[in-house]
Each structure stands twice: as structure tokens, then as C-alpha cells.
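Novice: Sequence:
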Amino acid sequence: MDTTSVEHHAPFIITFSSLLVYAVHDGYLGGIYHLTADEIYIENNQFIIQESKNASKTKMPSIDDIKDGLFKLILFSNLDSLYLDNVQVEFRTQLKITGRIEGSLYLPNDNAAVVSNFCKNNNFSNTLRKIIDLLNQETIKNPKLKIIITHHE
Numbered sequence: 171m172d173t174t175s176v177e178h179h180a181p182f183i184i185t186f187s188s189l190l191v192y193a194v195h196d197g198y199l200g201g202i203y204h205l206t207a208d209e210i211y212i213e214n215n216q217f218i219i220q221e222s223k224n225a226s227k228t229k230m231p232s233i234d235d236i237k238d239g240l241f242k243l244i245l246f247s248n249l250d251s252l253y254l255d256n257v258q259v260e261f262r263t264q265l266k267i268t269g270r271i272e273g274s275l276y277l278p279n280d281n282a283a284v285v286s287n288f289c290k291n292n293n294f295s296n297t298l299r300k301i302i303d304l305l306n307q308e309t310i311k312n313p314k315l316k317i318i319i320t321h322h323e
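When we follow the working numbering, the leftmost residue of the sequence shown carries the number 171, and every step to the right adds one.
Rather than coming from a laboratory, the hints here were simulated on the basis of the structure.
Incorrect hints may have been included.
Once the Cα atoms are required to be at most 25 Å apart in a straight line, the calculated BS3-like pairs of lysine-lysine come out as [stated by the list, open to error]:
hint, residue 1, residue 2
1, K300, K311
2, K237, K266
3, K266, K242
4, K300, K314
5, K290, K229
6, K314, K237
7, K314, K242
8, K237, K300
9, K227, K237
10, K290, K227
11, K266, K229
12, K316, K290
13, K311, K242
14, K316, K242
15, K227, K314
16, K227, K266
17, K266, K290
18, K300, K229
19, K314, K266
20, K227, K300
21, K242, K290
22, K300, K290
23, K266, K311
24, K242, K229
25, K300, K316
Generate coordinates for the entire structure from the input sequences, incorporating the hints supplied.
Specialist: So this is what it looks like as C-alpha cells:
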């Protein structure tokens, strides 16, 4: 079984296998914590660790569902390095949000008109618009985190 290790400051090591179960080894407290990700794939020689949150009957998944995915990805995106067979590889994290919407929005996005038009075209409430703005701010602050908002297939 191929395994990959991620190191975050010496005491933290994350390993994962084709089962997408991540074991975080805490050198400070001696614990092992298990996390999962929906998928990992390679795009342009970069590993993408992706969580997906889907809504088939509403415009967007619940805020709690989005926060759940974001929490895991913020943890992973703050790791310093990822190793595959003792060779450091590039990586980033991605949250894919799907719902009953038209078009796609890729975050971070510094074009306010694009974000505004996406929200307007999908008749987003002020609450959903604020959520989109907050997600955009998070991706701007965290360069290893990307978010895709698109239609549910």
C-alpha cells in the first residue's frame, strides 16, 4: 500500500493511503488522530486534497456542512510539506460546493463584479452573498486553499 507523509513542524506527521484516511501523529501529546478527505488527485503536478459539500434541493449546502469541510481543509492547508516516497511534492486544498445554481465561481476571486454577478444570477439572499464573501476572504488569506462553487450534477 502506497503511503504519503506530510510533516508540519517536526512533531506533527500526517500519513495517508489510497483509503484517504489521514493519521495525524502528534509528537507533543503522543496522540494519533484520524481524519478523512473526500478525494485526493493530481492536477498539473500538484496534489489536490478535496472535500465536497453538496446540496441537491437547495442553492447551497448548510453553513454547518460548509464549515465542516472548511475546518478539515484549513488544517491540511496549514501543513508545511507533503512527501510521497520521501520526495517532497506540491499540494493545495480545495473545497467543492455544489447546489442548485447556474454557472461556477472559483475562489479566491479579486474581481468583485464577477462575484456579484454570480450571486445576482443565482438570486442569492443577502445571507448567501455574505457567506460567499467570507469564503472568498478565507481563500485570499490562505493561498493553499481554493473553493469551487458550481451546479450539482
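Novice: If a hint holds in the structure, say so; if it does not, say that too.
Specialist: Hints versus structure:
For the suggested pair K300 and K311, the alpha carbons sit about 17 Å apart, so the restraint of at most 25 Å is met. Simply put, K237 and K266 have alpha-carbon atoms about 12 Å apart, close enough for the 25 Å limit, and the pair holds. Distance hint between K266 and K242 is fulfilled; the C-alpha atoms sit about 13 Å from each other, no more than 25 Å. Taken as a hint, the K300 and K314 pair is honoured in the structure, with Cα atoms around 22 Å apart against an allowance of 25 Å.
The hinted pair formed by K290 and K229 meets the criterion: a straight-line CA distance of about 13 Å does not exceed 25 Å. Taking the CA atoms of K314 and K237, the gap is about 17 Å. The hint holds against a cut of 25 Å. The suggested pairing of K314 with K242 holds, with an alpha-carbon distance near 13 Å, which does not exceed 25 Å. Under the criterion of a C-alpha separation no larger than 25 Å, the hint pairing K237 with K300 is consistent with the structure, at around 14 Å.
Of the pairs offered as hints, the one joining K227 and K237 holds, with about 19 Å between alpha carbons and a cut-off of 25 Å not exceeded. Between K290 and K227 the alpha-carbon distance is near 19 Å, which keeps this suggested pair within the 25 Å criterion. The hinted pair formed by K266 and K229 meets the criterion: a straight-line CA distance of about 14 Å does not exceed 25 Å. Note on K316 and K290: the hinted pairing holds, with a Cα-Cα distance of about 22 Å set against a maximum of 25 Å.
At roughly 16 Å between alpha-carbon atoms, K311 and K242 fall within 25 Å of each other, so this suggested pair holds. A C-alpha spacing of about 13 Å is found between K316 and K242, which places the hinted pair at or below 25 Å, so the restraint holds. Restraint check: the Cα-Cα separation between K227 and K314 comes to about 30 Å, which exceeds 25 Å; the hinted pair is violated. A distance of roughly 17 Å separates the Cα atoms of K227 and K266; the hinted pair therefore holds under the 25 Å criterion.
The straight-line distance between the Cα atoms of K266 and K290 is roughly 20 Å, inside the 25 Å bound, and the hint therefore holds. With a C-alpha separation of about 14 Å, the suggested pairing of K300 with K229 holds against the 25 Å cut-off. Only pairs whose Cα atoms come within 25 Å are accepted, and K314 paired with K266 is accepted, the gap being roughly 14 Å. Between the alpha carbons of K227 and K300 the distance comes to roughly 21 Å, so the proposed pair stays at or under 25 Å and holds.
Taking the CA atoms of K242 and K290, the gap is near 29 Å; set against the 25 Å cutoff, the hint is violated. Of the supplied pair hints, the one linking K300 and K290 holds, its CA atoms being roughly 13 Å apart against a limit of 25 Å. Between K266 and K311, the direct Cα distance comes to roughly 18 Å. Compliance with the 25 Å bound is thereby established for this hinted pair. With a C-alpha separation of about 23 Å, the suggested pairing of K242 with K229 holds against the 25 Å cut-off.
Under the criterion of a C-alpha separation no larger than 25 Å, the hint pairing K300 with K316 is consistent with the structure, at around 18 Å.
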